[in-house]
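Using the sequences provided together with the hints, build the complete structure.
2 protein chains.
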Amino acid sequence: MASTTEALNAERILEATEEVLRRHGPAKATVVDVARALGVSHGSVYRHFRTKVALREAVTKRWLDRTTQTLEQIAGTRDETPPVALRHWLGALFTAKRRKAGDDPELFATYTVLLGEASSVVQEHIDELVGQLNQIVFRGVQEGDFTAVDGDSAATARAIFDATNRFHDPCYAHEWEQPGIEAEFSTVVSLVLRGLRR
Amino acid sequence: MASTTEALNAERILEATEEVLRRHGPAKATVVDVARALGVSHGSVYRHFRTKVALREAVTKRWLDRTTQTLEQIAGTRDETPPVALRHWLGALFTAKRRKAGDDPELFATYTVLLGEASSVVQEHIDELVGQLNQIVFRGVQEGDFTAVDGDSAATARAIFDATNRFHDPCYAHEWEQPGIEAEFSTVVSLVLRGLRR
Chain A
1 MASTTEALNA
11 ERILEATEEV
21 LRRHGPAKAT
31 VVDVARALGV
41 SHGSVYRHFR
51 TKVALREAVT
61 KRWLDRTTQT
71 LEQIAGTRDE
81 TPPVALRHWL
91 GALFTAKRRK
101 AGDDPELFAT
111 YTVLLGEASS
121 VVQEHIDELV
131 GQLNQIVFRG
141 VQEGDFTAVD
151 GDSAATARAI
161 FDATNRFHDP
171 CYAHEWEQPG
181 IEAEFSTVVS
191 LVLRGLRR
Chain B
1 MASTTEALNA
11 ERILEATEEV
21 LRRHGPAKAT
31 VVDVARALGV
41 SHGSVYRHFR
51 TKVALREAVT
61 KRWLDRTTQT
71 LEQIAGTRDE
81 TPPVALRHWL
91 GALFTAKRRK
101 AGDDPELFAT
111 YTVLLGEASS
121 VVQEHIDELV
131 GQLNQIVFRG
141 VQEGDFTAVD
151 GDSAATARAI
161 FDATNRFHDP
171 CYAHEWEQPG
181 IEAEFSTVVS
191 LVLRGLRR
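From first to last, the protein sequence lines stand for chains A and B.
No gaps in the numbering here: position 171 of the first sequence is 171 in full-length UniProt numbering, and each next residue is one more.
No gaps in the numbering here: position 73 of the second sequence is 73 in full-length UniProt numbering, and each next residue is one more.
All clues given are correct.
Because identical chains cannot be distinguished in the list, a pair is counted as satisfied if it fits within a single copy or across any two copies.
Lysine to any residue pairs mimicking SDA-like chemistry, simulated, CA-CA at most 25 Å apart: (1) Lys97 x Thr77; (2) Lys61 x Pro26; (3) Lys61 x Gln178; (4) Lys100 x Pro170; (5) Lys28 x Glu11; (6) Lys97 x Glu184; (7) Lys61 x Glu124; (8) Lys61 x Asn9; (9) Lys97 x Ala173; (10) Lys61 x Gly43; (11) Lys61 x Val122; (12) Lys28 x Gly39; (13) Lys97 x Ile126; (14) Lys97 x Tyr172; (15) Lys28 x Ala101; (16) Lys97 x Glu175; (17) Lys61 x Ala10; (18) Lys97 x Asp169; (19) Lys61 x Ala96; (20) Lys61 x Leu107.
Worth flagging that the hints you see were computed from the coordinates, not collected in a lab.
So this is what it looks like as structure tokens:
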């Protein structure tokens, strides 16, 4: 239990919330559990997160953001050509999701429940990832590697995200360790890359 | 209640099972309910389906087969060029799934639960659909419209199925009436078709 003399900031509350969710599961975890884990009153938690829903959304966003940050660098770099960067980015997203699902299945299951509750947080996460894809597609069009479908790079980025969802959407997590999944991923990515070719 | 003088065949049992599932839901429906709806003993039902699991798998297969049959004609015809047939087939699959989800949401929810139980039935269904896609891809390669990814038309067919799963997998049913979904479908199909181009 943390000392109350330590500053109670949002990050500490979110860490404790994740731990409480992992221990009690999303159905049973309460704000009181979080406050108890931190050794503070539940009023102190509510000063940072005004409702239980706000707290759950914030912890879900934090979990999703951990993936986004790694990918942001791949989308933003000019060290790779757009086709290489796109394959790299899609592979990194698949790897990150698989690792989350495989390394801590309970926490993954917990977040899968939370994702169902926090539709605006999920939508923002998807918009952010599609925005990163759009960066790569847009650069590919500028540099002459790609042609966007119907000349619309944002719609094309969304189509790439949709076309690869077997390899990043938690609803397929149970397939991510199946034999042959790597080859299937690679074929989908090749098909997509061929579809983008100028 | 049906007359017991009518021949009790597998199809009648499956019809009654579907009705019982619709009424009681997958968690509560029993073989006794099915027998009662038919006015026969549960022993008579077990003569056709040896276990409750076998009965549930058979009714799931029957439901899935209703989609497959329509699509089979599109995959088998030579009236359309392979690119046209492919867009037609993917559109027909999306339409069929949307209709199933939209027209009878309770039955759709029921079958979504059953799909989780009947993994071999689902696998056969997917294999059959991918087989139909492979027919179109293979003909496209022969006729000079398509090039398969890595020269493998079966793997390419699977990649097309995977790349379009937002528009046929029940896990996305809640998105199928969203505004813009038609345009998003069309962009994914265009990307795929471009990826197949010779």
